[in-house]
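If you want the building blocks of each chain, they are given just below.
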Amino acid sequence: MRQRSLIAITAALAAGALTLTACGSRDDDGGSDSGNGGGGTTVVIGVDAPLTGDLSALGLGIKNSADLAAKTANKEKTVDGITFKVEALDDQGQPSVGQQNASSFVANKDVLGVVGPLNSSVGESMQKVFDTAKLVEVSPANTGPSLTQGPDWRNKKVRQYKSYFRTATTDAIQGPFAAQYVYNDAKKKKVFVIDDKKTYGAGLAATFTEEFKKLGGQVVGTEHINPDTKDFSSVATKVKNSGADVVYYGGEYPQAGPLSKQIKEAGAKIPLVGGDGIKDDTFIKLAGPASTGDLATSVGAPVEELPSAKKFVADYKAGGYKEDYAAYGGYSYDSAWAIIEAVKKVVGDNDGKLPDDARAKVTEAMQNVSFDGVTGKVSFDEFGDATNKQLTVYSVENGAFNDVKSGTYTG
Amino acid sequence: MNELPQQLVNGLLLGSMYGLVAIGYTMVYGIVQLINFAHGEIFMTGAFGALTVYMYILPDGTSMLIALPLMLIGAVIVSTTVAVGAERFAYRPLRGAPRLAPLITAIGLSLALQQAVWAWYPDAKSARPFPQIDGGPFHIGDVTIQTGDIFLLIAAPVSMALLGYFVMRTRTGRGMQATAQDPDTAKLMGVNTDRIIVVAFALGAVFAAVGGVAYGLKYGQIEFKMGFILGLKAFTAAVLGGIGNIYGAMIGGVVLGVAETLATAYIADIPGLDKFGSQSWADVWAFILLILVLLFRPQGLLGERVADRA
Chain E
0 MRQRSLIAIT
10 AALAAGALTL
20 TACGSRDDDG
30 GSDSGNGGGG
40 TTVVIGVDAP
50 LTGDLSALGL
60 GIKNSADLAA
70 KTANKEKTVD
80 GITFKVEALD
90 DQGQPSVGQQ
100 NASSFVANKD
110 VLGVVGPLNS
120 SVGESMQKVF
130 DTAKLVEVSP
140 ANTGPSLTQG
150 PDWRNKKVRQ
160 YKSYFRTATT
170 DAIQGPFAAQ
180 YVYNDAKKKK
190 VFVIDDKKTY
200 GAGLAATFTE
210 EFKKLGGQVV
220 GTEHINPDTK
230 DFSSVATKVK
240 NSGADVVYYG
250 GEYPQAGPLS
260 KQIKEAGAKI
270 PLVGGDGIKD
280 DTFIKLAGPA
290 STGDLATSVG
300 APVEELPSAK
310 KFVADYKAGG
320 YKEDYAAYGG
330 YSYDSAWAII
340 EAVKKVVGDN
350 DGKLPDDARA
360 KVTEAMQNVS
370 FDGVTGKVSF
380 DEFGDATNKQ
390 LTVYSVENGA
400 FNDVKSGTYT
410 G
Chain S
0 MNELPQQLVN
10 GLLLGSMYGL
20 VAIGYTMVYG
30 IVQLINFAHG
40 EIFMTGAFGA
50 LTVYMYILPD
60 GTSMLIALPL
70 MLIGAVIVST
80 TVAVGAERFA
90 YRPLRGAPRL
100 APLITAIGLS
110 LALQQAVWAW
120 YPDAKSARPF
130 PQIDGGPFHI
140 GDVTIQTGDI
150 FLLIAAPVSM
160 ALLGYFVMRT
170 RTGRGMQATA
180 QDPDTAKLMG
190 VNTDRIIVVA
200 FALGAVFAAV
210 GGVAYGLKYG
220 QIEFKMGFIL
230 GLKAFTAAVL
240 GGIGNIYGAM
250 IGGVVLGVAE
260 TLATAYIADI
270 PGLDKFGSQS
280 WADVWAFILL
290 ILVLLFRPQG
300 LLGERVADRA
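Order-wise, the sequence lines are chains E and S.
Residues 0 to 410 (numbering that gives the first Met the number 0) are what the first sequence spells out, left to right.
Residues 0 to 309 (numbering that gives the first Met the number 0) are what the second sequence spells out, left to right.
Calculated from the structure, these hints are not laboratory results.
As the structure is a computational prediction, the values presented were derived from the model and not from experiment.
Check the hints yourself; a few may be wrong.
In silico lysine-lysine, DSS-like type, Cα no more than 30 Å apart, as pairs [to be verified]:
1) 186/S to 268/E
2) 212/E to 274/S
3) 124/S to 70/E
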């Protein structure tokens with residue numbers, strides 16, 4: 000009998016351990032030395048992104064780019080008397096960790112704005128914490144429409160939180176944009192839709208499916224994968240037997256890479272199409288040579304080709320960052336810069352000093368921020384969404400993402 | 000086209016991997032009644048051992064034909080060292096302690112090993128690509144088998160047969176059986192039980208190392224947390240097959256793997272269940288199967304010996 004109860008306890012512990020993996024906090028204070036510029040008051044720009052784990056390639060790009068914005072502002076003395084400093088926390092892509100980080104930022108009185116997070120699901124868990132504290136949050140990468148426009152965004156748009164802004168385009172535009180490209184330009188008519196059940200992935204897959212059907216395409220199968228595993232062989236076999244000529248995946252590259260590889264191995268030589276979550280070189284590394292021809296949409300025009308981005312790319316190189324700026328570098332720089340602009344406005348209105356209710360004032364000022372950033376004109380609409388709604392389709396050729404077509408979805 | 004043969008092969012492959020890892024759980028449990036939760040991490044360190052041999056010891060461009068045996072040796076050395084070290088320094092001091100103490104130690108060790116690899120192995124903060132065997136897939140009728148899977152298909156039954164021979168025929172193996180039946184009496188009969196326990200840990204680690212290499216070859220990438228979920232699944236497989244029974248571990252693994260795959264493939268086709276058929280539900284169905292098996296056979300599929308002793 001003792002044996003039996005031991006197994007019961009063990010099982011309970013195992014279940015507990017499963018849940019707990021989501022909580023392990025591995026704070027990375029990452030306090031960067033942002034140079035000595037303005038002197039006087041120090042304003043901290045918080046960065047929340049996955050700095051370790053699967054999504055760290057994107058997260059570190061966000062952190063470095065925000066850091067570059069702070070350093071640039073210090074060097075150019077953009078705001079007199081204010082030194083900007085970046086403090087980064089690691090959310091590991093987990094909503095629960097993100098919420099803890101949000102509380103830490105709120106508790107730090109020097110934090111006047113936060114750049115991040117990467118994941119829409121993490122964004123959901125942070126919004127309320129920031130809004131209660133009137134602390135402004137600018138995400139360079141959240142694309143879930145409900146974050147700004149409410150859960151019923153298809154019918155009735157309602158601004159959710161006054162303190163939440165983003166420089167990235169929403170999935171309400173990204174999914175349909177991908178559907179139009181796949182149907183009209185790539186001439187694929189039968190799609191197999193897969194998602195990872197997360198806020199971002201499921202939302203993207205839903206908006207894609209809706210538009211694809213509207214265009215006359217056929218959905219020959221749907222599947223939801225378990226992001227904890229790497230074995231998608233049974234899903235791949237289903238895809239092969241479905242007769243689909245294209246796969247759409249709503250999710251991120253740690254799963255998309257192996258998924259693409261295993262689908263091709265199963266014998267279905269069809270392209271996998273995804274959103275900005277798969278547009279990272281790691282995807283190609285994980286998927287191997289079979290990924291040639293796979294497509295990804297991403298927010299904005301390709302950073303490398305914008306004239307406004309030349310300086311950013313050069314400065315980033317000169318900054319000596321170890322990691323690439325990745326998919327959201329330009330947006331992260333612009334997000335941080337928007338905070339800097341808002342702080343500048345607030346300080347300017349208050350005789351060159353920070354007011355006592357600086358957080359609320361910065362949040363207010365953010366609504367009217369407008370400047371020419373890395374990714375083009377940066378400003379926000381009445382929901383906190385970026386007014387810049389450009390998107391680009393990229394295709395994998397010779398082991399790299401090459402841009403194929405830029406444009407915007409007009410309904 | 001009939002999808003069943005391919006799905007069965009998919010499940011068999013996944014299950015063989017569970018089985019290889021499950022053997023470590025079941026052997027250690029059979030002898031010291033300890034559920035070694037760090038075993039998933041021993042599997043993970045094995046995979047990293049193999050990667051180390053390939054990336055940092057062998058010259059660039061070594062053919063996989065030559066590299067693979069050396070990688071296996073590297074994997075076995077690393078994981079055995081970790082497992083034997085864990086036994087010596089984490090579990091042996093707690094030999095006489097209440098059951099929960101070593102169990103908690105095992106969970107702590109599991110986290111410590113994960114974090115150690117995360118912190119100190121170069122570039123291990125996200126997934127690292129694992130070398131692949133060249134050559135196209137093989138087709139047998141409707142079934143496609145990848146080159147990387149061939150290793151698993153051969154390694155799992157071969158190592159199973161070797162283990163069976165070892166436990167049944169060799170002196171040490173019989174010593175293991177004796178210790179499993181009654182450690183005190185075995186000691187009185189002149190069996191060096193301390194040594195036997197070390198051997199059990201080491202053997203489990205060897206199987207985990209083979210599993211780790213197979214994982215890398217099959218999925219093309221390894222990461223610091225790959226052992227956690229797989230370890231839990233393997234533990235489940237060991238319970239399903241009857242914990243303490245080495246053949247049960249392999250059979251439990253295969254049953255679990257096939258159940259997961261078939262649930263993904265076919266549950267959605269049952270009218271009314273289309274919402275519960277996707278891969279994200281496969282674990283649910285696999286655990287329902289586990290509960291059903293344990294309801295009717297609490298000792299697991301092949302687990303008679305445990306019931307005798309309890």
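- Task: Hint by hint, work out which the structure violates, then give me just those numbers in ascending order.
- Result: Structure breaks hint 1 only.
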